[in-house]
Amino acid sequence: MTTQPDRLHHLLDRARHGVLLPAEGEALAGLVAELEAAIEQADLDAEQQARHFHTICGERESYRQAWKQEQKHRATAEARVRDLEAALLATADHRTRPTT
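Taking the working numbering, the leading residue of the sequence shown gets 339, the next gets one more, and so forth.
Quick caveat, the hints were computed from the structure, so don't treat them as lab data.
Since the structure is predicted, the reported quantities are computational estimates derived from the model, not experimental observations.
Among these hints, one or two may not hold up.
Across the chosen pairs, the derived CB separations fall in these ranges [stated by the list, open to error]: (1) Gln403 to Ala365: 55 to 61 Å; (2) Leu382 to Arg420: 53 to 59 Å; (3) Gln407 to Gln387: 27 to 33 Å; (4) Val357 to Glu385: 37 to 43 Å; (5) Asp381 to Arg420: 56 to 62 Å; (6) Gln342 to Ala384: 18 to 24 Å; (7) Gln387 to Arg418: 42 to 48 Å; (8) His411 to Ala384: 37 to 43 Å; (9) Asp381 to Ala361: 39 to 45 Å; (10) Asp351 to Glu378: 22 to 28 Å; (11) Val370 to Gln403: 46 to 52 Å.
Every residue gets a Cβ at the ideal spot worked out from N, C-alpha and C, and that includes glycine.
The whole structure should be built from the sequences, with the hints applied where relevant.
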């Protein structure tokens with residue numbers, strides 16, 4: 339059984355030598371058309387993968403920015419909690435001191 343690449347090489351060799359029969363010319367044209375379609379599909383697939391890659395990169399950057407913002411909010415909240423705890427302890431300490 340002849341594979342498609344073998345058949346293509348055989349037909350191209352016959353065409354180079356000028357001995358291609360009409361039926362072989364049609365077969366060669368069909369193989370070339372299949373290759374053109376495969377190349378076009380590969381180009382479309384590559385474009386789609388490139389768009390997907392850019393989308394993923396953009397989403398990653400958005401997630402990274404959101405994470406950084408969340409870290410800032412967390413640090414601010416933790417600092418506020420520490421300040422409130424200190425104020426509460428100071429108030430409690432002040433209230434429990436004996437008056438002289």
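Worksheet item: Which of the listed hints are not met by the structure?
Response: Of the numbered hints, just 9 does not hold.
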